[in-house]
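Undergrad: Protein chains in written order, with this note's numbering: chain A, 1 to 319; chain B, 320 to 631.
These aren't lab readings, by the way, just hints derived from the structure by calculation.
Hints are all accurate, no fakes.
With beta-carbon atoms standing in for the labels, derived distance ranges:
(1) Ala294(A) / Ile411(B): 20 to 28 Å
(2) Gln93(A) / Leu545(B): 43 to 51 Å
(3) Tyr144(A) / Tyr355(B): 36 to 44 Å
Positions of the beta carbon are idealized from the N, C-alpha and C atoms, including for glycine.
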Amino acid sequence: MRAVRSQAVGLVDKPWFWAFVAAFAVWLAIVGFTHGQGGGQVLTAALTFATFSVIVGIGQMFVITLGPGNVDLSIPATVTLAGSVATKVMATQDSMIAVGLVVALLCGVAVGCVNYALIRILRIPPIIATLSSSFLVQSTAIAYGRGLRIKPPPLLAEFTTLRVAGVPVLAICVVILTVFFSVVLNRTVYGRSVLAIGQSYQAANLAGINIGSIRFCTYVLSAVLAGLLGFLFSGFSGGASLSMGEQYLLASIAVVIIGGTSVAGGSANLPGIWGAALFFYLVETMLNTYGLGAGFRYMATGVIIITVIILAGSHRASR
Amino acid sequence: MRGWVSPRFARAILPGLSLATLLIAIFYLQPRAMSYVGLNLMLNLAVPIALATIAQMCVITVNDLDLSIGAYVGFVTCIAATLLQDAPLLGIAALLGGVLAYALVGAVVYLRNLPSIVVTLGMSFVWLGLSVLILPTPGGTAPQWVRGLMTLKPPFVPFPIIAAAVIGIFMHLALMRTSYGSILRGSGGNPKAIGRAGWSLLRAKVTMFALAGFFGMLSGLSLLGLTTSADANIAARYTLLSIAGVILGGGEFVGGRVSPLGAVIGAITLTLTASFLSFLRISPDWQIGAQGAILIIVLALRAVINRAEARK
Numbered sequence: 001m002r003a004v005r006s007q008a009v010g011l012v013d014k015p016w017f018w019a020f021v022a023a024f025a026v027w028l029a030i031v032g033f034t035h036g037q038g039g040g041q042v043l044t045a046a047l048t049f050a051t052f053s054v055i056v057g058i059g060q061m062f063v064i065t066l067g068p069g070n071v072d073l074s075i076p077a078t079v080t081l082a083g084s085v086a087t088k089v090m091a092t093q094d095s096m097i098a099v100g101l102v103v104a105l106l107c108g109v110a111v112g113c114v115n116y117a118l119i120r121i122l123r124i125p126p127i128i129a130t131l132s133s134s135f136l137v138q139s140t141a142i143a144y145g146r147g148l149r150i151k152p153p154p155l156l157a158e159f160t161t162l163r164v165a166g167v168p169v170l171a172i173c174v175v176i177l178t179v180f181f182s183v184v185l186n187r188t189v190y191g192r193s194v195l196a197i198g199q200s201y202q203a204a205n206l207a208g209i210n211i212g213s214i215r216f217c218t219y220v221l222s223a224v225l226a227g228l229l230g231f232l233f234s235g236f237s238g239g240a241s242l243s244m245g246e247q248y249l250l251a252s253i254a255v256v257i258i259g260g261t262s263v264a265g266g267s268a269n270l271p272g273i274w275g276a277a278l279f280f281y282l283v284e285t286m287l288n289t290y291g292l293g294a295g296f297r298y299m300a301t302g303v304i305i306i307t308v309i310i311l312a313g314s315h316r317a318s319r
Numbered sequence: 320m321r322g323w324v325s326p327r328f329a330r331a332i333l334p335g336l337s338l339a340t341l342l343i344a345i346f347y348l349q350p351r352a353m354s355y356v357g358l359n360l361m362l363n364l365a366v367p368i369a370l371a372t373i374a375q376m377c378v379i380t381v382n383d384l385d386l387s388i389g390a391y392v393g394f395v396t397c398i399a400a401t402l403l404q405d406a407p408l409l410g411i412a413a414l415l416g417g418v419l420a421y422a423l424v425g426a427v428v429y430l431r432n433l434p435s436i437v438v439t440l441g442m443s444f445v446w447l448g449l450s451v452l453i454l455p456t457p458g459g460t461a462p463q464w465v466r467g468l469m470t471l472k473p474p475f476v477p478f479p480i481i482a483a484a485v486i487g488i489f490m491h492l493a494l495m496r497t498s499y500g501s502i503l504r505g506s507g508g509n510p511k512a513i514g515r516a517g518w519s520l521l522r523a524k525v526t527m528f529a530l531a532g533f534f535g536m537l538s539g540l541s542l543l544g545l546t547t548s549a550d551a552n553i554a555a556r557y558t559l560l561s562i563a564g565v566i567l568g569g570g571e572f573v574g575g576r577v578s579p580l581g582a583v584i585g586a587i588t589l590t591l592t593a594s595f596l597s598f599l600r601i602s603p604d605w606q607i608g609a610q611g612a613i614l615i616i617v618l619a620l621r622a623v624i625n626r627a628e629a630r631k
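Make a model of the complete structure from these sequences and hints.
TA: And the structure:
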């Protein structure tokens with residue numbers, strides 16, 4: 001087994017490769033079922049919805065890479081808050097889109113600062129800190145957004161749904177964002193520090209890495225990306241809603257894990273997030289085309305997550 | 320910190336103190352709440368939340384986290400409102416199957432050394448899917464005996480208080496006062512030592528996960544007794560609420576440091592914030608925020624105590 005694995009070169013050895021293989025297999029299963037009908041549309045839809053999961057997935061990935069106990073549970077609340085505040089600020093005016101974007105990102109900065117302040121001052125595990133702050137943020141969003149149903153500016157709505165030759169423009173932008181963060185992760189001091197802290201907190205500390213500021217940046221980054229999602233998703237779905245962030249708690253963690261990032265930290269994987277996100281939405285579409293209801297879709301999602309983590313776990317153990 | 324208050328003691332009374340503070344504030348705002356009917360109304364929903372919190376505490380004892388408890392409680396309500404009514408034997412089998420699934424999750428988490436967050440995250444989808452399959456739209460009816468139990472009106476002391484006390488004291492005796500209870504807590508505190516001493520860590524993990532499944536089942540049944548109809552998403556908030564309850568009650572995330580009595584008190588405190596806000600005439604929109612604020616205040620107080628201890 002070990003000999004076979006060491007002989008395998010290139011792509012096959014990369015953990016993210018399998019996420020794309022799985023996504024492609026599911027796509028083939030859909031196209032096979034429909035006899036080639038609508039294969040393109042399926043891919044377009046999957047790209048669109050995957051894009052949103054990828055945005056928060058990137059932030060969650062940096063957080064999880066910091067090591068055990070690091071998870072950002074405040075992402076859904078931040079998405080909702082940023083979405084409601086941004087749509088209100090923009091007030092359907094195209095001229096205010098830039099302001100709305102800045103406001104949404106600032107919401108993220110604020111939540112990230114609160115998260116890190118709680119972790120630092122109260123010396124509590126990040127899970128509890130982000131859990132507590134998510135209560136506050138969610139409540140603020142509910143109180144602020146009550147009865148709020150403001151349409152997004154037409155230009156923003158158009159941009160988030162724009163397609164060029166069947167490829168969503170937003171997806172292209174987020175691919176560029178992913179490439180950017182790959183560079184940040186692998187080629188900058190910040191990215192290498194995140195990996196180092198995840199691999200060994202003590203070694204990173206002894207090596208003189210300023211762990212405090214790296215963790216601070218990471219939690220702010222995650223919240224800012226959640227803010228960005230809130231801004232874009234409210235444009236895409238015709239306005240902010242109080243439950244718009246809900247699905248992204250589980251989705252953000254799931255795409256990171258399925259994408260081949262180590263849950264134990266210290267090993268991150270950006271392309272895998274795309275593979276996993278596409279895989280998830282394609283599975284959903286596949287079950288839909290087979291005429292299976294929401295219940296089966298949820299169950300399939302759960303079974304996939306558990307299967308992948310069990311397989312990934314045994315892979316790690318066999319080395 | 321005065322000299323005679325040991326940090327350990329201060330930490331232990333913190334949950335009780337926060338509940339007492341909240342209760343005094345409520346009674347000051349609305350003296351009529353200090354009655355049999357008032358307490359019954361305010362604390363009704365505390366019973367399922369306390370049971371879910373105990374379930375979460377069992378998992379936290381062995382250094383794991385259960386992100387599926389909310390979905391699982393919803394699943395139990397769906398089973399109890401449909402299968403348990405129409406085909407009692409099948410219903411009971413399904414409920415036992417739930418507990419068994421929890422035990423299995425514990426075994427898989429231990430044997431494969433997997434992060435429980437991810438496995439239970441996956442399980443939450445499975446429970447949600449099963450619930451939607453059983454009960455696509457909210458509905459069903461609560462079994463008569465569940466309804467009867469939850470609307471019990473014992474003399475002098477309201478039912479929720481008795482129920483909460485029984486749950487807390489039972490778990491306290493089982494986990495804090497028996498020898499196997501200390502082994503279970505030890506398997507979270509120092510697994511290596513417990514393993515070297517010849518105890519099965521697998522058995523400890525499976526026991527605690529199965530207990531979580533059992534208490535989650537009780538939580539679902541009691542919730543159904545109050546709401547009378549079931550819904551797959553009925554307890555979605557329980558996942559985060561139960562973690563908050565355990566932490567509020569003095570539990571720590573790692574190291575097997577938990578407190579069953581504290582967890583029940585924490586759950587009651589979280590439930591009472593709703594009444595507190597309504598007596599203050601603050602919009603229920605802020606209920607979640609108030610729960611978060613209480614959590615942060617209590618964690619801040621604990622940080623102060625811990626720092627005082629470190630300075631000594």
